[in-house]
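*Asks:* Each chain is listed here by its residues.
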Amino acid sequence: MNRKRRHPAINVALKLLYTYRWTIGIYWLVFLCIYVAIGVILRSPTVGAEMDAQGIWEGASTSPKVFLLVIGILMTPLSLASFVSNGVTRRHFIWGVSGLLVVYSAISAIIMVIGYPIEQWIYDKYDWPLELSNPHLFKDASQFGLIFVEYFFLFIAFFGSGWLIGSCFYRFNWKLAVVLILLAILPAMAMETVISADWIGSILQKAYDIERASLAAVIPLALCIVALVFASVFLLLRKVPVKRKVLS
Amino acid sequence: MTLGIEVNKLQLRYGSFTALHDLTFKLDGGKIYGLLGRNGSGKTSLLSILASFRLQSAGSVSIGGEAPFENAKMMEQVCFIQESGHMNEGFSVRDALSLAASCWPNWDDAYAAKLVKLYDLPLKKRATTLSRGMKSALGVTIGLASRAPVTIFDESYLGMDAPSRYTFYEQLLNDYMEHPRTIILSTHLIEEVASLFEEVLIIDKGRLIVHEETESIRTKGRAVTGPAEAVDRFAQGKTVFGEQKLGRTKSVTVFGELDDAACERAISEGLELGPVSLQDLFVHMTKRKGDEQ
Numbered sequence: 001m002n003r004k005r006r007h008p009a010i011n012v013a014l015k016l017l018y019t020y021r022w023t024i025g026i027y028w029l030v031f032l033c034i035y036v037a038i039g040v041i042l043r044s045p046t047v048g049a050e051m052d053a054q055g056i057w058e059g060a061s062t063s064p065k066v067f068l069l070v071i072g073i074l075m076t077p078l079s080l081a082s083f084v085s086n087g088v089t090r091r092h093f094i095w096g097v098s099g100l101l102v103v104y105s106a107i108s109a110i111i112m113v114i115g116y117p118i119e120q121w122i123y124d125k126y127d128w129p130l131e132l133s134n135p136h137l138f139k140d141a142s143q144f145g146l147i148f149v150e151y152f153f154l155f156i157a158f159f160g161s162g163w164l165i166g167s168c169f170y171r172f173n174w175k176l177a178v179v180l181i182l183l184a185i186l187p188a189m190a191m192e193t194v195i196s197a198d199w200i201g202s203i204l205q206k207a208y209d210i211e212r213a214s215l216a217a218v219i220p221l222a223l224c225i226v227a228l229v230f231a232s233v234f235l236l237l238r239k240v241p242v243k244r245k246v247l248s
Numbered sequence: 001m002t003l004g005i006e007v008n009k010l011q012l013r014y015g016s017f018t019a020l021h022d023l024t025f026k027l028d029g030g031k032i033y034g035l036l037g038r039n040g041s042g043k044t045s046l047l048s049i050l051a052s053f054r055l056q057s058a059g060s061v062s063i064g065g066e067a068p069f070e071n072a073k074m075m076e077q078v079c080f081i082q083e084s085g086h087m088n089e090g091f092s093v094r095d096a097l098s099l100a101a102s103c104w105p106n107w108d109d110a111y112a113a114k115l116v117k118l119y120d121l122p123l124k125k126r127a128t129t130l131s132r133g134m135k136s137a138l139g140v141t142i143g144l145a146s147r148a149p150v151t152i153f154d155e156s157y158l159g160m161d162a163p164s165r166y167t168f169y170e171q172l173l174n175d176y177m178e179h180p181r182t183i184i185l186s187t188h189l190i191e192e193v194a195s196l197f198e199e200v201l202i203i204d205k206g207r208l209i210v211h212e213e214t215e216s217i218r219t220k221g222r223a224v225t226g227p228a229e230a231v232d233r234f235a236q237g238k239t240v241f242g243e244q245k246l247g248r249t250k251s252v253t254v255f256g257e258l259d260d261a262a263c264e265r266a267i268s269e270g271l272e273l274g275p276v277s278l279q280d281l282f283v284h285m286t287k288r289k290g291d292e293q
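Listed in order, the protein sequences are those of chains V and U.
Residue numbering for the first sequence follows this note's numbering, beginning at 1 and increasing consecutively.
Residue numbering for the second sequence follows this note's numbering, beginning at 1 and increasing consecutively.
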């Protein structure tokens with residue numbers, strides 16, 4: 001029977017998008033609700049006086065980074081076997097998850113981009129001053145492209161580090177995998193250093209006087225880190241045996 | 001499309017333990033094979049290599065003339081169903097079927113729907129929360145509807161109750177007749193499925209000890225019963241798997257070619273020659289020290 005079939009890697013990405021649709025959707029809904037609530041509390045007359053011109057949204061990226069790190073950790077242990085047992089190669093699985101990584105990081109970065117002009121609009125409406133308190137690739141909320149670039153690379157690096165951690169636990173025994181977490185988390189740390197934004201950027205630039213490289217250098221370096229993550233996962237999983245599931 | 005399988009000096013090691021020792025055999029395409037072996041004999045290890053679940057330590061495997069490991073063209077032609085399955089934690093039965101439908105090139109939606117109805121599979125229920133029998137039913141549904149040219153069932157129907165298992169055997173045979181392909185059944189329920197096997201492979205301690213047509217093995221095994229002295233005389237020089245004695249009557253299971261003259265001589269000495277089931281032969285062939293205690 002001839003069926004019109006998608007490329008296996010695209011199939012993996014779409015199936016995973018479908019599988020995690022509720023997890024991602026509910027996370028962002030809860031996250032946005034919490035941030036609106038925090039915003040309301042912080043800008044209330046009793047607390048707001050101490051806030052000066054500090055924005056709320058600027059500090060919002062930590063939670064999505066950790067969330068994507070966790071989703072990344074789950075990728076290989078929960079999904080590799082189900083795809084390989086359905087005739088998908090490990091190589092196509094890795095390409096599919098890589099695609100998912102890009103899509104989820106882009107969606108998350110777009111949400112961050114949208115948050116800035118909304119925050120700016122609210123602050124303008126109430127005549128509150130708004131300034132960025134930490135260094136960023138962007139200077140104000142209107143530089144959508146740079147906001148996207150900053151968050152996209154940070155999210156993809158955290159997601160990638162999570163994927164590496166999960167793959168280490170799948171490939172090796174847990175004792176070795178625990179040790180390898182130190183290496184697996186390096187892409188996220190390296191990306192934070194290269195982007196040199198937010199509080200890490202603040203520490204690097206203010207406490208250690210380490211200036212961020214020019215954008216022309218930041219983007220290729222960030223791309224190298226992403227490529228390194230994909231290559232590392234490929235080396236980890238290309239020959240990994242599918243583990244037999246214990247009957248439940 | 002049917003695909004043949006060729007295995008040459010295949011080895012698999014887990015650290016210092018060798019699970020498969022230089023296995024060499026050839027399976028023609030379009031037949032039903034029975035893979036028999038005791039627990040831990042290496043059946044699943046062998047099937048895992050055929051299905052690219054793991055890479056061999058040494059030797060080679062070729063399916064349809066190509067090495068299957070990480071070969072996208074071949075991996076989508078080999079469907080390996082294990083009892084425990086490999087369902088994604090959050091998947092419903094519908095999701096599991098949808099994933100399989102998107103991955104197997106010869107997937108038959110209508111046949112899958114028929115099997116879902118036959119086994120009364122709850123489409124909305126999470127696959128991991130299904131009973132053992134239902135998980136098995138989902139597995140065989142995927143295996144059969146995949147119509148993969150090489151379909152392997154590794155104890156995948158053990159969790160089913162007897163009626164469901166017989167439904168599976170019937171479906172397997174009917175579908176195999178309509179869509180010939182290479183099927184490998186690994187099982188401990190030998191008597192139930194023995195009639196389906198065209199050829200049998202028996203693995204013991206990681207070594208292939210038998211690979212023959214089912215009928216050929218059956219005819220080689222004979223239960224010889226009669227007066228103890230006559231039985232002993234007849235069995236002399238033959239491979240004897242087991243013996244039982246009751247008073248002066250003795251029964252032994254002999255294995256090997258018996259020509260017509262030998263059979264006639266046995267009958268003339270008052271011996272009875274009876275058939276031996278595949279299961280009994282398997283038990284005798286793989287018997288180990290301590291099994292009789």
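Because the hints were derived from the structure by calculation, they are not lab data.
Heads up, some of the hints might be wrong.
[What the hints assert, rightly or not] Straight-line Cα separation of at most 30 Å, DSBU-like style, residue types lysine-lysine; simulated pairs:
hint: 1; chain 1: U; residue 1: 245; chain 2: V; residue 2: 239
hint: 2; chain 1: U; residue 1: 124; chain 2: V; residue 2: 239
hint: 3; chain 1: V; residue 1: 243; chain 2: U; residue 2: 238
hint: 4; chain 1: V; residue 1: 243; chain 2: U; residue 2: 205
hint: 5; chain 1: U; residue 1: 31; chain 2: U; residue 2: 205
hint: 6; chain 1: U; residue 1: 26; chain 2: U; residue 2: 287
hint: 7; chain 1: U; residue 1: 287; chain 2: V; residue 2: 4
hint: 8; chain 1: U; residue 1: 220; chain 2: U; residue 2: 250
hint: 9; chain 1: V; residue 1: 4; chain 2: U; residue 2: 220
hint: 10; chain 1: V; residue 1: 239; chain 2: U; residue 2: 238
hint: 11; chain 1: U; residue 1: 287; chain 2: V; residue 2: 239
hint: 12; chain 1: U; residue 1: 124; chain 2: V; residue 2: 243
hint: 13; chain 1: U; residue 1: 73; chain 2: V; residue 2: 4
hint: 14; chain 1: U; residue 1: 124; chain 2: U; residue 2: 114
hint: 15; chain 1: V; residue 1: 4; chain 2: U; residue 2: 26
hint: 16; chain 1: V; residue 1: 243; chain 2: U; residue 2: 125
hint: 17; chain 1: U; residue 1: 238; chain 2: U; residue 2: 250
hint: 18; chain 1: V; residue 1: 243; chain 2: U; residue 2: 250
hint: 19; chain 1: U; residue 1: 250; chain 2: U; residue 2: 287
hint: 20; chain 1: U; residue 1: 73; chain 2: V; residue 2: 243
hint: 21; chain 1: V; residue 1: 4; chain 2: U; residue 2: 9
hint: 22; chain 1: U; residue 1: 287; chain 2: U; residue 2: 238
hint: 23; chain 1: U; residue 1: 205; chain 2: V; residue 2: 4
hint: 24; chain 1: U; residue 1: 125; chain 2: U; residue 2: 205
hint: 25; chain 1: V; residue 1: 243; chain 2: U; residue 2: 220
hint: 26; chain 1: U; residue 1: 9; chain 2: U; residue 2: 220
hint: 27; chain 1: U; residue 1: 250; chain 2: U; residue 2: 26
Remember, predicted model here, so these are calculated numbers, not experimental data.
*Asks:* None of the hints should be skipped; say for each whether it holds.
*Replies:* Hint by hint, here is what the structure shows:
1. 245/U <-> 239/V: Given that 30 Å is the threshold and the Cα spacing comes to 54 Å, the pair is violated.
2. 124/U <-> 239/V: violated (34 Å)
3. 243/V <-> 238/U: Since the Cα atoms of residue 243/V and residue 238/U sit roughly 44 Å apart, the hinted pair is violated (cutoff 30 Å).
4. 243/V <-> 205/U: Since the Cα atoms of residue 243/V and residue 205/U sit roughly 21 Å apart, the hinted pair holds (cutoff 30 Å).
5. 31/U <-> 205/U: holds (25 Å)
6. 26/U <-> 287/U: holds (26 Å)
7. 287/U <-> 4/V: violated (51 Å)
8. 220/U <-> 250/U: holds (19 Å)
9. 4/V <-> 220/U: Cα-Cα ~50 Å, so violated.
10. 239/V <-> 238/U: Given pair residue 239/V, residue 238/U is violated - Cα atoms ~47 Å apart, limit 30 Å.
11. 287/U <-> 239/V: Measuring from Cα to Cα gives roughly 36 Å; hence the hint is violated.
12. 124/U <-> 243/V: Given pair residue 124/U, residue 243/V holds - Cα atoms ~26 Å apart, limit 30 Å.
13. 73/U <-> 4/V: holds (16 Å)
14. 124/U <-> 114/U: Distance ~17 Å between residue 124/U and residue 114/U Cα, so the pair holds.
15. 4/V <-> 26/U: Violated: residue 4/V and residue 26/U sit about 33 Å apart, past 30 Å.
16. 243/V <-> 125/U: Roughly 24 Å separates the two Cα atoms, so the pair holds.
17. 238/U <-> 250/U: Given pair residue 238/U, residue 250/U holds - Cα atoms ~16 Å apart, limit 30 Å.
18. 243/V <-> 250/U: violated (48 Å)
19. 250/U <-> 287/U: holds (20 Å)
20. 73/U <-> 243/V: Satisfied, since the Cα-Cα distance of roughly 22 Å is no more than 30 Å.
21. 4/V <-> 9/U: Violated, at about 39 Å.
22. 287/U <-> 238/U: holds (18 Å)
23. 205/U <-> 4/V: violated (44 Å)
24. 125/U <-> 205/U: Cα-Cα ~40 Å, so violated.
25. 243/V <-> 220/U: Judged against 30 Å, a Cα distance of about 39 Å means the pair is violated.
26. 9/U <-> 220/U: holds (27 Å)
27. 250/U <-> 26/U: violated (39 Å)
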